[in-house]
Amino acid sequence: MSDRLEVRKTYKLLVNGAFPRSESGRTYEVLSARGEFLANVAQGSRKDLRDAVVAARAAQSKWWSSSAYNRGQVIYRCAEMAESRRAELAEHVGLAEGVGAKQSAKSVARAIDRIIWYAGWTDKVAQVFGGANPVAGPFFNFSVPKPCGVVAVVASQDSSLEGFVDQVFAPLCTGNSVIAVSSERRPTPSILLGEMTATSDFPPGVLNIVTGVTSELAPILASHEDVDGIDLTGLDQSAATELHALAAGSIKRVFRSSAHDTSSSTRRLRTFIDTSTVWHTIGQ
Amino acid sequence: MNEKNLANSQLGALVYDPAPESASIARIKSSYGLFIDGAFTEASAHEHFVTLNPATEEVLATVSRASDADVDRAVRSARHAYEKVWSKTTGAERAKYLFRIARLIQERSRELAVVETLDNGKPIRESRDIDIPLAAAHFFYYAGWADKLDHAGYGASPQPLGVAGQIIPWNFPLLMAAWKLAPALAAGNTCVLKPAETTPLTALVLAEILEQAELPSGVVNIITGDGSTGAALVEHPGVDKIAFTGSTEVGRLIQQRVASSAKHLTLELGGKGANIVFEDAPIDEMIEGIIDGIFFNQGHVCCAGSRLLVQESIADEVLRRLVRRVEQLRVGDPMDKNTDVGAINSAAQLARIQELTAFGEREGATRYSSACTLPDKGYWFAPTVFADVAQSHRIAREEIFGPVLSVLTFRTPDEAVAKANNTNYGLACGVWSEKGSRTLWVAERLRAGVIWANTYNRFDPASPFGGVRESGFGREGGRQGLEAYLNV
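Protein sequences appear in the order of chains A and B.
Just so you know, the first sequence maps onto residues 1 to 284 in our numbering.
Just so you know, the second sequence maps onto residues 1001 to 1488 in our numbering.
Please keep in mind that the hints were generated in silico from the structure rather than gathered at the bench.
Check the hints yourself; a few may be wrong.
To be clear about the criterion: a stretch of chain B counts as covered by chain A if any three or more of its residues have a C-beta under 8 Å from a C-beta of chain A, and this derived list gives those stretches [as the list claims (entries may be wrong)]:
| id | stretch |
| --- | --- |
| 1 | 1049-1062 |
| 2 | 1081-1095 |
| 3 | 1352-1363 |
| 4 | 1397-1408 |
In silico DSSO-like links for lysine-lysine, alpha-carbon gap of 27 Å or less [as the list claims (entries may be wrong)]:
| id | chain 1 | residue 1 | chain 2 | residue 2 |
| --- | --- | --- | --- | --- |
| 5 | B | 1029 | B | 1435 |
| 6 | A | 62 | B | 1029 |
| 7 | A | 62 | B | 1148 |
| 8 | A | 62 | A | 9 |
| 9 | A | 102 | A | 124 |
| 10 | A | 12 | A | 47 |
| 11 | B | 1337 | A | 124 |
| 12 | B | 1084 | B | 1029 |
| 13 | B | 1084 | B | 1096 |
Values in this document were obtained by computation on a predicted structure and should not be read as measured data.
Backbone N, C-alpha and C fix where the C-beta goes; we use that ideal spot for every residue, glycine too.
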């Protein structure tokens, strides 16, 4: 150990490409899994979420209208950023989840590989889930999976990085913008990842991360009229049911799961796309 | 001579003699039971209601009202059939049942068309040429999928969900039944189908067809009733999947109810489709397309092109031609083969159309209604076009579900897209232009599940149909339509 006094970081929100403190001025104490003080993390508010939704809505069309190839590059770039900060991510996953160095390193490796998996999906989705349809008539008919728009993510409370990555990159890779509410007690790995996305050429507002009290923040997103889809993984069964019913107010796409997904299933990815079908006349 | 007199004088030379289709082929019975476990049975509470011909207000038949106990019976029957029979039936065998059903619908297509028109009020030309052939085509299309699910793009050996509860609307009664049943059965589910209260008859004829096809008992159960029957089906714990087509209002309630269960859900809800017309559009086809987009099926179409967005430079000409064309629509006896616009489906729907159009006038829009003579009996509404409509008007925001078109204008493609997307709905839109690059540019930006370019209101079993935003989620038709009935 050196004598040098460590320079600590203030953990902030990620909204519209910037790192503000909560407009509410609130913070809350985050402890490591062993109960030691880790950070005073920004405690996001309704206003922070509203700002994030406005930013996400504005950014979404830009993100979607950039090419699928370009979205893949940006997401891959994020994996590169994470790769070079593996040690730091692993340290925080270890602190947050209370797992040993070996396990946390493996978790980080899996998370980064998952980002790459999604980077590769960006320009495959349209071919796998869309295509030309042989209609009976003089029409060229084709289906394109389009992003549903702005997706809210209530991040897994347990899986501080892997779960977060799966939940966030599934909607991002298909062209949605995202507002994620981090794990309440294990937020720091997601905050680090947010910092990495800021150096990955994501247009500002495409990914927004708000830390705070899940039970306060999640219902605001579930009932927000300008949110098109919501992933409720970070809630227990009864809270998820309550928020699912709130989400019905504006017919949101809802993803529910009790655990984070490590499979090759595309269920989460498909939840936040809508097939759009174009009929065009054929004639001389 | 003004436009209207000109139109009338031209029309005067084109008086058509009546060409009525015969009602006798319909063979409608005086009363129907509930189709549960492969047989028609009496409702447990012996409750009934009547279904009317909306064109004459005459009673067509007495139909059973399924109670909670009947819903339970139907769901148990579907569960039993799922576990004992259907989940053990190979895809190839399921396919053959669906092919049989498709053929039987074709064989009885004239009868079905007549029953549909009598029960619904839609012109016989439409039920004969669109509803019934498309219903058969859906069964034929999904039949072929039943033994090819591994190739549908959802991974190897995709499994069915189990028992599907399906609630359908009154605007395309048999076609909606086909849209629901065909993919569900192909994917290996069993079904409980609830037709709409005002249009139960073709679903009951379909039950007879299922008997003729010797579909195993309980694989499809058809229970008639009202909203309470639908609610009981949604609440039933034995149902694995709810598929609903209807209003956004009811869809919202269903999503709330389903939240507390593990039920899968797909919703096909309302719309306020924008039909966008650019100045370079082929004008004759475009006028016909606008007319078809809103007056097809009396405008009782969730994807109707009910908002016309016309580029300012051609707005006057388009409106003039539209108003003239509306005068030429033949409104009246749905059984007449020359009829373009038939009867409004129910007194309740007519009241809703009247309320919203009255609002349109009050809010300052200019109304043009066809001067056609409406029959004395039945439910009728003259085809209507509103000009000078603002985006804030109720007739530009709310789904009227009737033969009423609201005309708005725009100047640039950006403005057209912004106005088209200025709605919570997102079911369908039309784009009219000869410039392909612009059409595709617009299509890319429209928030809608279906976009018709230089055409409108086209449907095909191979083409996925469904909404975005508050028009619902999930698709019907195409490979994508299987996803709604697979556990993937």
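Quiz item: Quick check: the stretch 1049-1062 of chain B, covered by chain A? Criterion 3+ residues, Cβ under 8 Å.
Solution: With 0 residues close enough to chain A, the hint is violated.
Quiz prompt | Hint consistency between residue 1084 of chain B and residue 1029 of chain B [alpha-carbon to alpha-carbon, up to 27 Å] | solution = violated, 33 Å
Practice problem: Would you mind confirming whether the straight-line C-alpha gap from residue 62 of chain A to residue 9 of chain A stays at or under 27 Å? | Solution: violated, 32 Å
Quiz item: Does residue 124 of chain A lie within 27 Å of residue 102 of chain A when you go C-alpha to C-alpha?
Solution: The given pair, whose Cα atoms are some 34 Å apart, is violated under the 27 Å limit.
Quiz item: Taking a Cβ-to-Cβ distance below 8 Å as contact, does the stretch 1081-1095 of chain B have at least three residues touching chain A?
Solution: With 0 residues closer than 8 Å to chain A, the stretch 1081-1095 of chain B misses the three-residue bar; violated.
Quiz item: If you look at each residue in the stretch 1352-1363 of chain B, do at least three have a Cβ nearer than 8 Å to any Cβ of chain A?
Solution: violated (count 0)
Self-check item: Distance restraint between residue 1084 of chain B and residue 1096 of chain B, which requires alpha-carbon spacing of 27 Å or less
Solution: holds, 19 Å
Quiz item: Can the restraint linking residue 1029 of chain B and residue 1435 of chain B be considered satisfied, given a maximum Cα separation of 27 Å?
Solution: Distance ~53 Å between residue 1029 of chain B and residue 1435 of chain B Cα, so the pair is violated.
Exercise. Count the residues of the stretch 1397-1408 of chain B whose CB lies closer than 8 Å to any CB of chain A, then report whether that count reaches three.
Key: violated (count 0)
Quiz item: Holds or violated: residue 12 of chain A with residue 47 of chain A, Cα cutoff 27 Å?
Solution: holds, 15 Å
Exercise. Sort out whether residue 1148 of chain B lies within 27 Å of residue 62 of chain A, counting only the CA atoms.
Key: Given pair residue 62 of chain A, residue 1148 of chain B is violated - Cα atoms ~38 Å apart, limit 27 Å.
Quiz item: Straight-line Cα separation of residue 62 of chain A and residue 1029 of chain B no greater than 27 Å?
Solution: violated, 59 Å
In summary, the numbered hints that this structure violates are 1, 2, 3, 4, 5, 6, 7, 8, 9, 11 and 12.
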